[in-house]
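**Student:** Next come the chains, spelled out residue by residue.
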Amino acid sequence: MTQAGTLAWFAQHETRLAWRDWSWLLSGGRRRRGYVIILGAVAFILFTHAFAYATLARSADFGAAPDKRLLVAIGGTLLLYWSLMLSQAMEAVTRAFYARGDLELILSSSASAERLFAVRIGAMAVSIAAMSLALAGPVINVLAWLGGAHWLAAYGVVIALAMAAVAISVLLTIGLFRMIGPKKTRLVAQIVAAVIGASFVIGVQLVAILSAGTLSRAVAFQSAAIVDRMPDPESLWWLPARAAMGNGPALTAVLALGIIALALVIRVGAPRFGELALAAGGVSRSAARNNRRSVGFRPRSPGQALRRKEWLLLLRDPWLMSQSLMQLLYLLPPFFLLSRMFYGEGHNTALLVPVLIMAAGQLAGGLAWLAISGEDAPDLIASAPVTAARVWGAKAEAVAGGVGIVFVPMAIGLAIVDPVAGVVTLVGLALAGVAATLIQFWFRAQVNRSLFRRRHVSSRIATFAEALSSILWAGAGAIGVVNLWPAIFPAALALLVLGGAWMLSPKRP
Amino acid sequence: MSEIPPQAALEIRDLAKSFDRPAVDGLSLAVRAGEFYTLLGPNGAGKTTTLRMVTGLLKPDRGAISVFGVDVLADPVAAKQIMAWISDEPMIYDRLTPLEYLHFVAGLWGVEHATAEARARELIGWLGLAAHAQARCEGLSKGTRQKVALAGALVHEPRLIILDEPLTGLDAASARLVKNVLRERVAQGCSVVMTTHILEVAERMADRIGVMCDGRLVAEGTLQELQHQAGAGLATLEDTFLALVDSDRADGPIAA
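The listed protein sequences derive, respectively, from chains C and G.
All residue numbers for the first sequence refer to this note's numbering, where the first residue is 74 and numbers rise by one.
All residue numbers for the second sequence refer to this note's numbering, where the first residue is 700 and numbers rise by one.
If you're looking for bench data, these hints aren't it; they were derived computationally from the structure.
All figures in this text were calculated on a predicted structure; none of them were measured in a lab.
Glycine included, C-beta positions come from ideal geometry on N, C-alpha and C.
Mixed in with the good hints there might be a few duds.
Unchecked claim - In silico lysine-lysine, PhoX-like type, Cα no more than 25 Å apart, as pairs:
| hint | chain 1 | residue 1 | chain 2 | residue 2 |
| --- | --- | --- | --- | --- |
| 1 | G | 841 | C | 256 |
| 2 | C | 580 | G | 758 |
| 3 | G | 841 | G | 878 |
Stated by the list, open to error - Chain G stretches covered by chain C per the calculated footprint, using a threshold of three residues with CB under 8 Å from any CB of chain C:
| hint | segment |
| --- | --- |
| 4 | 761-767 |
| 5 | 864-872 |
Assemble the whole structure, with the sequences as input and the hints as a guide.
**Tutor:** In structure tokens, the structure reads:
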């Protein structure tokens with residue numbers, strides 16, 4: 074048996090917690106038979122591999138010698154992955170600082186907290202690598218099948234990138250703590266995470282829009298204008314790309330850099346983690362902030378009180394704000410494309426309409442979950458002299474208001490450029506928003522608002538139905554702009570999905 | 700059991716609710732207008748389930764509940780209009796300030812704005828919340844949060860206040876303040892129904908006490924009446940309570 078308080082003992086403890094967390098995530102918090110989970114995992118693996126094969130099979134010869142164009146495509150894709158890893162790592166580090174969990178128990182014990190934090194930083198790297206490999210694994214496997222086993226080296230690159238992402242995130246977060254203090258770090262770190270996650274994707278899309286008038290990232294990586302401006306193939310910048318393609322020395326260098334970066338950060342960061350976590354804990358426990366400007370909360374009716382409450386809570390939640398900001402950031406490229414159309418450089422509305430409808434459906438689903446399932450004082454609302462219909466109505470109005478503020482101005486802008494596209498978008502926004510809200514209403518479950526990040530786990534049927542419904546309404550919108558009648562087909566399918574969701578939703582007395 | 704005037708603040712008849720097993724089993728009780736009524740019972744006796752049915756948070760399997768003559772099951776909105784509910788876990792929003800919370804609750808109960816503002820300010824002063832009025836509830840202590848919840852329950856001036864273990868986790872000063880507020884409300888004609896595990900509170904504050912066990916009311920009355928029911932020689936409510944519950948349960952004594 075491992076001796077208590079040692080690095081191995083903490084690693085064992087963390088592994089057990091992580092395993093139970095993953096089991097909960099996989100089973101949706103419900104008791105399920107093991108074979109159901111295994112069947113689900115096998116189906117997921119088969120689907121992702123089939124998808125990767127369908128995408129890659131028609132591509133160029135993977136056995137060819139690496140030229141600059143291939144290096145740009147692989148390097149760009151790795152950078153895309155890495156920006157997402159960095160964003161996830163920033164969020165994980167911030168969560169580790171601010172979540173109370175067992176920190177106080179461990180910090181108040183005689184065990185070495187430094188060892189625990191060393192393990193926790195390492196665990197973050199493992200978790201980020203695992204998450205990235207779940208996405209990249211099928212692509213790497215298909216590449217290895219089609220182009221040769223040397224592509225398997227990409228696994229090592231993804232692991233090295235995960236280690237580097239965690240190392241940089243820990244340093245960034247500790248730096249933020251030192252510079253702006255624990256009070257502001259949480260909000261700033263979450264916003265930085267959202268911006269990092271979105272910025273590269275958006276940047277590439279903006280380049281694609283400018284160079285080819287499209288949102289496609291692949292086009293940007295293949296564009297001659299971009300390829301010509303990139304460093305020579307011999308440059309060290311292409312080390313990760315070369316490593317991913319199976320170059321042994323490059324892979325060794327990339328892995329070594331990742332391991333050294335993580336080891337250094339563990340050495341420097343672990344002793345400070347406890348002190349900073351305590352400071353972060355002090356923020357939530359400290360005396361409440363006074364003299365804050367109070368919002369004029371003057372409801373004239375129960376419905377108005379509920380609507381204002383929902384909006385105020387959303388505006389005051391930094392984490393939710395950062396998530397919403399992320400969604401808004403992703404809307405920047407379509408918005409940019411829209412302004413480009415406005416100034417007459419080509420019309421590509423069929424691309425813009427589904428993007429807006431899809432995003433509106435997703436935002437509506439998130440807001441509806443917060444308003445319906447994430448109600449912090451359900452007993453208070455249930456004990457108020459207001460009918461349930463009025464409560465749900467007010468909450469739906471709050472969701473509609475939130476979605477409307479974001480998307481209606483864009484739809485109006487689109488209508489100025491192309492009235493048909495504008496009208497189709499407005500109708501699509503309404504339909505996708507109503508459908509997502511209804512699905513959240515039918516699958517409502519009382520949970521803590523802070524579990525927003527895991528809302529998809531509470532009901533996989535609701536998650537699937539919400540995504541499918543948004544995709545179908547987006548498809549109907551895209552077709553509807555060109556020709557109205559064929560749009561009836563995806564719209565009818567969306568209604569079928571809605572009907573199916575209603576039939577599968579838990580029955581309530 | 701005591702005779703109740705024609706229009707009781709709360710009247711429960713043959714109330715029943717089962718989950719895996721019966722939680723409330725044919726319960727009948729009545730609370731007079733202007734009375735402080737305390738419901739006692741061991742864990743799992745059905746006290747919270749009963750109160751949640753009274754406040755419309757749970758639907759009973761059978762039975763009738765009326766509040767000041769209003770049928771809770773037939774007209775829940777009218778019944779809720781004159782009731783307030785406070786649980787042991789304060790139902791407040793972390794990201795609202797106490798003042799905003801009170802305005803929100805007043806809005807839910809349809810209290811006119813000027814009245815709500817005046818009552819909110821008065822309650823904040825009365826409950827010693829002035830220093831926190833503009834601070835978000837997320838940083839408040841458990842006792843202060845409970846006081847905010849209490850202020851929320853009082854801002855619409857209910858005729859019947861229902862409290863489930865409201866003193867759990869409160870320090871002595873906060874507990875005393877809550878008790879004083881409840882006493883004053885009762886003195887003004889308000890009715891209070893409260894569950895508690897702190898027998899001393901029931902002994903000092905309640906006009907009448909109901910003892911529940913296994914979903915049923917096993918005894919009811921003033922402290923003296925309960926002592927009489929339990930038998931001679933029992934000096935405190937604790938002794939009386941344990942004797943009443945023990946005599947109802949054949950499977951052994953109840954922990955104090």
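**Student:** Taking the numbered hints from earlier one at a time, note which ones the structure violates and give those numbers from smallest to largest.
**Tutor:** Those not satisfied are hints 4, 5.
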